[in-house]
Amino acid sequence: MRQRNNILGVDPKLLIKDAAKLMPDPARRGFLRGAASLGALAFLTGCDIVDGDTAEGVLRKVSEFNDGAQAALFSRTKLAPTFPESAITRPFPFNAYYDEDEAPVVDPAAYKLEIAGLVENKKPWTLTELHALPEVSQITRHVCVEGWSAIGSWQGAVLSDFLKRIGADTKAKYIWFKCAEGYTNTIDMPTALHPQTQMSFRFDHKILPRAYGFPMKIRIPTKLGFKNPKYVVAMEVTNTDHGGYWENQGYNWFSGL
Amino acid sequence: MTAETMTAMPADTTIHPGWVRVCHWINALAILVMVGSGWQIYNASPLFRSLEFSKHITLGQWLGGALLWHFAAMWVLVVNGIVYVTLGLATGRFQRKLLPIYPSQVIADAKAALTFKLAHDDLSHYNAVQKVLYAGVILTGILIVLSGLSIWKPVQFQELTALFGGYDFARCVHFVAMAAIVGFLVVHVALALLVPKSLRAMVTGK
Numbered sequence: 220m221r222q223r224n225n226i227l228g229v230d231p232k233l234l235i236k237d238a239a240k241l242m243p244d245p246a247r248r249g250f251l252r253g254a255a256s257l258g259a260l261a262f263l264t265g266c267d268i269v270d271g272d273t274a275e276g277v278l279r280k281v282s283e284f285n286d287g288a289q290a291a292l293f294s295r296t297k298l299a300p301t302f303p304e305s306a307i308t309r310p311f312p313f314n315a316y317y318d319e320d321e322a323p324v325v326d327p328a329a330y331k332l333e334i335a336g337l338v339e340n341k342k343p344w345t346l347t348e349l350h351a352l353p354e355v356s357q358i359t360r361h362v363c364v365e366g367w368s369a370i371g372s373w374q375g376a377v378l379s380d381f382l383k384r385i386g387a388d389t390k391a392k393y394i395w396f397k398c399a400e401g402y403t404n405t406i407d408m409p410t411a412l413h414p415q416t417q418m419s420f421r422f423d424h425k426i427l428p429r430a431y432g433f434p435m436k437i438r439i440p441t442k443l444g445f446k447n448p449k450y451v452v453a454m455e456v457t458n459t460d461h462g463g464y465w466e467n468q469g470y471n472w473f474s475g476l
Numbered sequence: 333m334t335a336e337t338m339t340a341m342p343a344d345t346t347i348h349p350g351w352v353r354v355c356h357w358i359n360a361l362a363i364l365v366m367v368g369s370g371w372q373i374y375n376a377s378p379l380f381r382s383l384e385f386s387k388h389i390t391l392g393q394w395l396g397g398a399l400l401w402h403f404a405a406m407w408v409l410v411v412n413g414i415v416y417v418t419l420g421l422a423t424g425r426f427q428r429k430l431l432p433i434y435p436s437q438v439i440a441d442a443k444a445a446l447t448f449k450l451a452h453d454d455l456s457h458y459n460a461v462q463k464v465l466y467a468g469v470i471l472t473g474i475l476i477v478l479s480g481l482s483i484w485k486p487v488q489f490q491e492l493t494a495l496f497g498g499y500d501f502a503r504c505v506h507f508v509a510m511a512a513i514v515g516f517l518v519v520h521v522a523l524a525l526l527v528p529k530s531l532r533a534m535v536t537g538k
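In the order they appear, the protein sequences are chains A and B.
So the first sequence is residues 220 to 476, counted in this note's numbering.
So the second sequence is residues 333 to 538, counted in this note's numbering.
What the hints contain is simulated information worked out from the structure, not anything from laboratory work.
Since the model is a prediction, treat every value here as computed from it, not as a measurement.
Each residue gets a CB set at the ideal place from its N, CA and C atoms; glycine is no exception.
Straight-line alpha carbon distances no greater than 16 Å define the calculated EDC-like cross-link-like pairs of lysine to aspartate or glutamate that follow:
1) A:LYS392 - A:ASP286
2) A:LYS297 - B:GLU491
3) A:LYS331 - A:GLU348
4) B:LYS485 - A:ASP286
5) A:LYS392 - A:ASP460
6) A:LYS397 - A:GLU333
From chain B, some residues computed to sit far from chain A (all C-beta separations above 10 Å):
7) THR346
8) GLY424
9) ARG425
10) VAL438
11) LEU446
12) THR447
13) LYS463
14) ILE470
15) LEU471
Based on the sequences and whatever the hints tell you, model everything.
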């Protein structure tokens, strides 16, 4: 993972620096202030739009509007482009808000996927049971919110099949995922039911390595990378939006591609 | 916007009808926000190792804040841009002001401009260099919006993304279009300050 130079726009040092930069920090709350271009803006409009929670409130409202616009643009049947094996980015980058050696270590023997919410059968799933689910494969582009992208190969079960299997109420609005390190993520039901949305247990036909989310990642090629949770330990079918790690800090909620 | 300004023809003294001035300043604001926030977004994963934008000239403080600005101002930019281009074509202003463009005239006027010999006595008439730059920046504006759409929605608009040579190349197109627009802005603002009556015309219309 030390050689990421082959990925357009990704500097390995920068990734780590960036991860640190992106750590939640109360000091970053006032992200609307302090830019020179804002000075120009205030000058042009003759009013101080920089001041305060009003601007932030307006931006968040627009972001919610953008959630709706993206949900309307989202096609339940349109597939993300797929690529040949030769297009896979090697090595595929590790990316998180923590360093690679701080990634969670999950004990496969003790692992159980917890199921909660609007589901008929809430029996937890062992890894052996999950691995026995019918397997599909995809080679798709992972697009990071930072702008870089990388092509990867994932194998696992179709999430919508699994939801039917456990008797999930697919009329519910959201699926909430919880991860081993405390990361959380909520996705909309139409995306959960998209044919390419996958519970991934393998990367490039090998058991998912720790860096890529062992034992289970939710691979969603129609969403930005941070909406593809790794180290997933629980899922809840719900009508309440529980938000998510990055969404709560200001990243757009829908973040569709 | 009154019917009077809508139909303002060379006969009266109006250089820029109301809709041009309104669209121009809304656009100026939207571009500032888009560029400032775009630079902050760029910093999260620079295309060029040696190029990063100083925090003093970016907007949004961090990637999340910059994205909120970028995806809010995009609506202003696009809606205003559609109104401007539609009216520009429908009123015949674009055809009248920006066409025809003769390469020989562009070269001659560029030489004159660089030696400060270009006349500015009639603001309602564009010289060939202005025609090229204004037509060029409108086309670049369309290019930056389309390349932006293609990297925002590389699945839903995948045909468009493919047209731009794929996601990664579309990012480069988006960046180069930004550089072209910023380059235009530098010249545009410098010249507007050198010829203050042109700035006045964009405010008062006369």
